[in-house]
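Chains A and B, in that order, give the protein sequences. Counting with the UniProt record's numbering, you get residues 1 to 313 for the letters of the first sequence. Counting with the UniProt record's numbering, you get residues 1 to 313 for the letters of the second sequence.
Hint data in this document are derived by calculation from the structure and do not stem from the laboratory. Heads up, a few of these hints could be off.
Any copy, or any two copies together, can satisfy a pair, since identical chains are not distinguished.
[As the list claims (entries may be wrong)] Here are the computed lysine-lysine pairs in the DSS-like style, where the Cα-Cα straight-line distance is at most 27 Å:
#	residue 1	residue 2
1	Lys145	Lys100
2	Lys60	Lys100
3	Lys98	Lys155
4	Lys89	Lys145
5	Lys98	Lys60
6	Lys173	Lys98
7	Lys115	Lys23
8	Lys236	Lys299
9	Lys299	Lys190
2 protein chains.
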Amino acid sequence: MRSPSLDVIIHELREYPGLTRKKSAGSFRDLVGEFFGEDAGFFNLGEFDIAFTIDGIWHKVLDADLYWGGFISVLVNVHDIYAMGARPKFAVDVISAKDKESLEIMKKGIIDGAKTYRVVFLKGHVHPDSYYNSIDVAMIGLARKGSLIRSNTAKEGDSIVIAVDTDGKPHEKLPYNFDSTKKDPEILIKQLESMVYLAEKNLVNAGKDLSNAGIVGTIGMMLEVSGKGGYVDIGKIPMPKNVEVIQWLKTYPGCGFCVSTSYPEEVIDVFRRHGLEAAVVGEVNSSRVFTLRLNLDEKVFYDFRNESILGLV
Amino acid sequence: MRSPSLDVIIHELREYPGLTRKKSAGSFRDLVGEFFGEDAGFFNLGEFDIAFTIDGIWHKVLDADLYWGGFISVLVNVHDIYAMGARPKFAVDVISAKDKESLEIMKKGIIDGAKTYRVVFLKGHVHPDSYYNSIDVAMIGLARKGSLIRSNTAKEGDSIVIAVDTDGKPHEKLPYNFDSTKKDPEILIKQLESMVYLAEKNLVNAGKDLSNAGIVGTIGMMLEVSGKGGYVDIGKIPMPKNVEVIQWLKTYPGCGFCVSTSYPEEVIDVFRRHGLEAAVVGEVNSSRVFTLRLNLDEKVFYDFRNESILGLV
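Isolated chain A (complex conformation) (with noise of 0.2 Å):
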């Protein structure tokens, strides 16, 4: 099958609603300060460091199915800690339902979310007679002190390395969340691990969980953060068979991390280790424009010197 250009490629990612709200995100950066853009807070706490996140499930997913928004409403908190090299132990969760069978629907999600990623939920709060379902969880995660992998900390020269799980499929419903959780836990737990072993061992500068925004658009938000610019090459993006490049790219994945870093043949080899398809996808460059690059073609997708995916200009 002919693959898109370039062109339609940009096109439809920069459209894309899970890049594009993204820019609502920049109305927090007078709350959050110093935090802005990552994926957890954190503060230190004697010999830990204490990754603490939150999010909420977009009314589009449970509008599609209770059960997934459920489970993911643990696994979208679960990236979000692995992805500073914390490891996730404690959640709490608000859920508003329209009913009881909501209620009970969303939560077994979240039970068996708990249960697979080993997550112990300390609270939880209902609003049994809500006019919508919503789930929001917060989560807490551990680190070994001055281990934690920041999001604005990628360096020029740096490569730009994918890490993700390609054994999967898309949720029938849902395009861009590609299932690659139906699994023995324990394989699940091992590829989240490879950012707790590159954390501790200083392997990489910067990294996030490929999320919302997509697999390009997480990389350019790491990007922009970190003030800086670079490339990433499509065609070197690990992809499964079974979707389309343009779908994949807009993908939120089971499992996936894009890291910035200065050891990349360590990085693919531990990644590959812990289970993941690895490979060197870009690198990282001071000019605050990042490029796409398919085939022998190159163009912009974001200038960072007059436009924002987080909202700050």
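Knowing the structure of chain A, use the given hints to seat chain B on it.
Chain B in isolation, oriented as in the chain A frame:
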């Protein structure tokens, strides 16, 4: 003005949605296990116990006043953490907003709440394109190891003490939100710190913040999860001059706690020194029947042997 009869008071309180909607809490017992009925869950880390909580703002509050909803989204979590005898430190939030204006008003409330109660926000997540307005905030507090106050440990023979700031007035549009927060933050924090003092001196057996279930309803939850009964004498509850008794009993005060203690005089002294009105209002017994007294009358409010506030039977 003539006080309503005990029958009328009991009928009104038993029909109050702030209390009746607590029934849905029972459905969370399978998720949070031993922390069911606590104001916050917790875990130990070195010399600290870490309290972790979350609360969502009832949509009726946001329908009435977006700014107040933002402010109390911080306050209700601050209450949860102090109720455990811990100090609130860090928070994260999810805002869903119908439009940019609503988002900004809610955020202003959150920022003012964070400033007033000296809580640092580490992450904010926003749904900019929602069909409803909502706020959920999660919070972490720190306590000295082993000092935390629980909800389910009231003991037979304990005095029930209420401490509350009666200097304020009901919110214009929310008659059961009593706003006592229009004061120097130093005063507000000193009031709350009473609970940390009681926790560290080990002066109470159990405690909770007076919240949505109202003053009497909150005491009921403490007795129920403790597997106890007891009485409360309504005439002994500290009251502001500008609020009717039934309205007051349904109220979520700007600052209020109930505790169960073997040292009522010391506890009342601590609360008063921290700027709260405080009084012994009743006693804990082993009957599993919670009665209310008024003048010479005494009637059953909840019989936990065959009914439940928290949806446990």
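So, going through the hints one by one against the coordinates:
no.	hint	verdict
1	Lys145 - Lys100	neither (43 Å within a copy, 38 Å between copies)
2	Lys60 - Lys100	both (20 Å within a copy, 19 Å between copies)
3	Lys98 - Lys155	neither (47 Å within a copy, 38 Å between copies)
4	Lys89 - Lys145	both (16 Å within a copy, 19 Å between copies)
5	Lys98 - Lys60	both (15 Å within a copy, 15 Å between copies)
6	Lys173 - Lys98	both (21 Å within a copy, 24 Å between copies)
7	Lys115 - Lys23	between (34 Å within a copy, 25 Å between copies)
8	Lys236 - Lys299	within (16 Å within a copy, 75 Å between copies)
9	Lys299 - Lys190	neither (37 Å within a copy, 59 Å between copies)
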